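Student: Please build the complex by placing chain B on the supplied structure of chain A, with the hints as guidance.
Spelled out, the chains give:
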Amino acid sequence: MKIYLLRHPETDWNGEWRFQGRTDIPVSKKGKEALEKALPVLCKLPIDIIYTSPLQRARIVAEMINERTGIPFEVDERIIEADCGHWEGRKVPELMKEETEFMAKWWANPYAVPIPGGETYQDVEKRTSAFLEEIIDKSKNALVVSHGIAITTMLRYILELPHEKTGILRIENLGLAKIEIDDFGKGFVISNPAGILDLLSFPL
Amino acid sequence: MQIYLLRHPETDWNRQGRFQGQTDIPINKTGMEQLEQTLPFLITLPVQIVYTSPLKRARVVAQSVSQTTGLPMLKDQRIMEVNCGRWEGKVAQTLAIEEPELFELWKSNPYDFRLPGGESYQDVENRTTAFLKDIASYGKNALVVSHGIAITTMLRFILQIPKNHVRALHIENLGLVKLEVDANGIAYSIVNPAHELQVALSLH
Numbered sequence: 130m131k132i133y134l135l136r137h138p139e140t141d142w143n144g145e146w147r148f149q150g151r152t153d154i155p156v157s158k159k160g161k162e163a164l165e166k167a168l169p170v171l172c173k174l175p176i177d178i179i180y181t182s183p184l185q186r187a188r189i190v191a192e193m194i195n196e197r198t199g200i201p202f203e204v205d206e207r208i209i210e211a212d213c214g215h216w217e218g219r220k221v222p223e224l225m226k227e228e229t230e231f232m233a234k235w236w237a238n239p240y241a242v243p244i245p246g247g248e249t250y251q252d253v254e255k256r257t258s259a260f261l262e263e264i265i266d267k268s269k270n271a272l273v274v275s276h277g278i279a280i281t282t283m284l285r286y287i288l289e290l291p292h293e294k295t296g297i298l299r300i301e302n303l304g305l306a307k308i309e310i311d312d313f314g315k316g317f318v319i320s321n322p323a324g325i326l327d328l329l330s331f332p333l
Numbered sequence: 002m003q004i005y006l007l008r009h010p011e012t013d014w015n016r017q018g019r020f021q022g023q024t025d026i027p028i029n030k031t032g033m034e035q036l037e038q039t040l041p042f043l044i045t046l047p048v049q050i051v052y053t054s055p056l057k058r059a060r061v062v063a064q065s066v067s068q069t070t071g072l073p074m075l076k077d078q079r080i081m082e083v084n085c086g087r088w089e090g091k092v093a094q095t096l097a098i099e100e101p102e103l104f105e106l107w108k109s110n111p112y113d114f115r116l117p118g119g120e121s122y123q124d125v126e127n128r129t130t131a132f133l134k135d136i137a138s139y140g141k142n143a144l145v146v147s148h149g150i151a152i153t154t155m156l157r158f159i160l161q162i163p164k165n166h167v168r169a170l171h172i173e174n175l176g177l178v179k180l181e182v183d184a185n186g187i188a189y190s191i192v193n194p195a196h197e198l199q200v201a202l203s204l205h
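In the order they appear, the protein sequences are chains A and B. Heads up, the first sequence is in this note's numbering, so the first residue is 130 and it goes up one at a time. Heads up, the second sequence is in this note's numbering, so the first residue is 2 and it goes up one at a time.
Next comes chain A alone, as it looks inside the complex (with noise of 0.2 angstroms):
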């Protein structure tokens, strides 16, 4: 069985690197064209069952999927990004100047130390690895579209990185992870791009 995670398209938040958190942020111009661009390689995903967070920027991948391909999509409140509390709004290299012990503090363990009025790593990583586990349970073939730290959380737990570790793993938006789950349990499989492609039966 198969579980593709998929990170959404881009926002203007994520362009001027400002913590997002659950502020509900559109998709930006340039966020919608690398949407139209993914979409036919998304449309051909092997899956039964798309999942999505609440969020505007990821219900839009999810919903857009399900007009051109019928299939069905549910909101999971449990994959919606980390809250960022009072951080969400600010741009990073303000904050990083601004409260550069307390930055560093955090960025060394962000499992360990929640950021202000917000959520530790280890707060997200309960609920995403809660949904996981039940929808590993399903067996369903799906496509969970989340977020930036919501899909760290995910690959730290079945990776079982060490938790000071997880900054090293970068998700762009758009990047998709591919999980297969087999007898041995669960693992994260690095594909080829150009096989993902081959969905599209190339040349276009």
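A few of these clues could be false.
Capping the alpha-carbon separation at 35 angstroms, the derived lysine-lysine pairs in DSBU-like fashion look like this [as the list claims (entries may be wrong)]:
{"id": "1", "chain 1": "B", "residue 1": "Lys108", "chain 2": "A", "residue 2": "Lys166"}
{"id": "2", "chain 1": "B", "residue 1": "Lys134", "chain 2": "A", "residue 2": "Lys220"}
{"id": "3", "chain 1": "A", "residue 1": "Lys315", "chain 2": "B", "residue 2": "Lys164"}
{"id": "4", "chain 1": "B", "residue 1": "Lys76", "chain 2": "A", "residue 2": "Lys255"}
{"id": "5", "chain 1": "A", "residue 1": "Lys220", "chain 2": "A", "residue 2": "Lys267"}
{"id": "6", "chain 1": "B", "residue 1": "Lys179", "chain 2": "A", "residue 2": "Lys234"}
{"id": "7", "chain 1": "B", "residue 1": "Lys108", "chain 2": "B", "residue 2": "Lys57"}
{"id": "8", "chain 1": "A", "residue 1": "Lys234", "chain 2": "B", "residue 2": "Lys134"}
{"id": "9", "chain 1": "A", "residue 1": "Lys269", "chain 2": "A", "residue 2": "Lys226"}
{"id": "10", "chain 1": "A", "residue 1": "Lys166", "chain 2": "A", "residue 2": "Lys234"}
{"id": "11", "chain 1": "B", "residue 1": "Lys141", "chain 2": "A", "residue 2": "Lys267"}
{"id": "12", "chain 1": "B", "residue 1": "Lys164", "chain 2": "B", "residue 2": "Lys91"}
{"id": "13", "chain 1": "A", "residue 1": "Lys173", "chain 2": "B", "residue 2": "Lys179"}
{"id": "14", "chain 1": "A", "residue 1": "Lys307", "chain 2": "B", "residue 2": "Lys108"}
{"id": "15", "chain 1": "A", "residue 1": "Lys131", "chain 2": "B", "residue 2": "Lys108"}
{"id": "16", "chain 1": "B", "residue 1": "Lys179", "chain 2": "A", "residue 2": "Lys131"}
{"id": "17", "chain 1": "B", "residue 1": "Lys164", "chain 2": "A", "residue 2": "Lys269"}
{"id": "18", "chain 1": "B", "residue 1": "Lys76", "chain 2": "A", "residue 2": "Lys226"}
{"id": "19", "chain 1": "B", "residue 1": "Lys141", "chain 2": "A", "residue 2": "Lys161"}
{"id": "20", "chain 1": "B", "residue 1": "Lys179", "chain 2": "A", "residue 2": "Lys220"}
{"id": "21", "chain 1": "B", "residue 1": "Lys108", "chain 2": "A", "residue 2": "Lys255"}
{"id": "22", "chain 1": "B", "residue 1": "Lys57", "chain 2": "A", "residue 2": "Lys307"}
{"id": "23", "chain 1": "B", "residue 1": "Lys141", "chain 2": "B", "residue 2": "Lys91"}
{"id": "24", "chain 1": "B", "residue 1": "Lys164", "chain 2": "B", "residue 2": "Lys76"}
{"id": "25", "chain 1": "A", "residue 1": "Lys267", "chain 2": "B", "residue 2": "Lys76"}
{"id": "26", "chain 1": "A", "residue 1": "Lys226", "chain 2": "A", "residue 2": "Lys131"}
{"id": "27", "chain 1": "A", "residue 1": "Lys159", "chain 2": "B", "residue 2": "Lys76"}
{"id": "28", "chain 1": "A", "residue 1": "Lys269", "chain 2": "B", "residue 2": "Lys76"}
{"id": "29", "chain 1": "A", "residue 1": "Lys173", "chain 2": "B", "residue 2": "Lys134"}
{"id": "30", "chain 1": "B", "residue 1": "Lys30", "chain 2": "A", "residue 2": "Lys158"}
{"id": "31", "chain 1": "B", "residue 1": "Lys134", "chain 2": "A", "residue 2": "Lys267"}
{"id": "32", "chain 1": "B", "residue 1": "Lys30", "chain 2": "A", "residue 2": "Lys315"}
{"id": "33", "chain 1": "A", "residue 1": "Lys294", "chain 2": "B", "residue 2": "Lys30"}
{"id": "34", "chain 1": "A", "residue 1": "Lys158", "chain 2": "B", "residue 2": "Lys179"}
To be clear about the criterion: a stretch of chain A counts as covered by chain B if any three or more of its residues have a C-beta under 8 angstroms from a C-beta of chain B, and this derived list gives those stretches [unchecked claim]:
{"id": "35", "region": "241–247"}
{"id": "36", "region": "289–299"}
{"id": "37", "region": "313–322"}
Hint data in this document are derived by calculation from the structure and do not stem from the laboratory. Bear in mind the structure is a predicted one, so any value in this text is a computation, not a measurement. The beta carbon of each residue, even a glycine, is placed where N, CA and C say it ideally should be.
Tutor: Chain B alone, transformed into the frame defined by chain A:
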């Protein structure tokens, strides 16, 4: 700077599930087709140099890229596949029956267990990471064509995956990994395959 790690195309021994190691098996018909399909995309990667394992299943990719683009190509022994000693050519299921104790030792922690007449994953990681540190210090964007276990050890080192948990990571034939190297070290970036596709298509 960017480093792309690429696993070689399929061979008959891959398909048959045989320990391949340093046995110099060529790619098969499927592998050749995979390579032809992926090549237009590989030649668009923003790299200045191609490194390859000396084994022909990897070298065929590096040579194709180098011939098409004019990029220099260097062979490096350190990114050869794990030496599987007298297990090379054997199928895993057979070994599980013929040498259950050794096979179990290897399965439970391949980092501590030296394959009979061959290497442990730790031996492999020592040489692959020495290679990685060298090319990161040169600062040139590079494509590295290597093997399943060799690439797994590089990623394990970067992500600090627990040594008895490396099996959570799978790399398909022609699976591609993008590493970003900056002042903070080496990070693993999960990419948007459709974006990569767009780059490839714009050439046609």
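Student: It remains to establish, for every hint, whether it holds in the given structure.
Tutor: Tested hints:
no.	hint	in the structure
1	B:Lys108 / A:Lys166	violated, 42 angstroms
2	B:Lys134 / A:Lys220	holds, 32 angstroms
3	A:Lys315 / B:Lys164	holds, 16 angstroms
4	B:Lys76 / A:Lys255	violated, 45 angstroms
5	A:Lys220 / A:Lys267	violated, 40 angstroms
6	B:Lys179 / A:Lys234	holds, 28 angstroms
7	B:Lys108 / B:Lys57	holds, 27 angstroms
8	A:Lys234 / B:Lys134	holds, 27 angstroms
9	A:Lys269 / A:Lys226	violated, 46 angstroms
10	A:Lys166 / A:Lys234	violated, 39 angstroms
11	B:Lys141 / A:Lys267	violated, 46 angstroms
12	B:Lys164 / B:Lys91	holds, 24 angstroms
13	A:Lys173 / B:Lys179	holds, 24 angstroms
14	A:Lys307 / B:Lys108	holds, 23 angstroms
15	A:Lys131 / B:Lys108	holds, 23 angstroms
16	B:Lys179 / A:Lys131	holds, 22 angstroms
17	B:Lys164 / A:Lys269	holds, 30 angstroms
18	B:Lys76 / A:Lys226	violated, 45 angstroms
19	B:Lys141 / A:Lys161	holds, 33 angstroms
20	B:Lys179 / A:Lys220	holds, 26 angstroms
21	B:Lys108 / A:Lys255	holds, 29 angstroms
22	B:Lys57 / A:Lys307	holds, 28 angstroms
23	B:Lys141 / B:Lys91	violated, 39 angstroms
24	B:Lys164 / B:Lys76	holds, 28 angstroms
25	A:Lys267 / B:Lys76	violated, 47 angstroms
26	A:Lys226 / A:Lys131	violated, 42 angstroms
27	A:Lys159 / B:Lys76	violated, 40 angstroms
28	A:Lys269 / B:Lys76	violated, 44 angstroms
29	A:Lys173 / B:Lys134	violated, 39 angstroms
30	B:Lys30 / A:Lys158	violated, 43 angstroms
31	B:Lys134 / A:Lys267	violated, 43 angstroms
32	B:Lys30 / A:Lys315	holds, 30 angstroms
33	A:Lys294 / B:Lys30	violated, 40 angstroms
34	A:Lys158 / B:Lys179	holds, 26 angstroms
35	241–247	violated (count 0)
36	289–299	holds (count 8)
37	313–322	holds (count 10)
When the structure is compared with the earlier hints, violations turn up for hints 1, 4, 5, 9, 10, 11, 18, 23, 25, 26, 27, 28, 29, 30, 31, 33, 35 and for no others.
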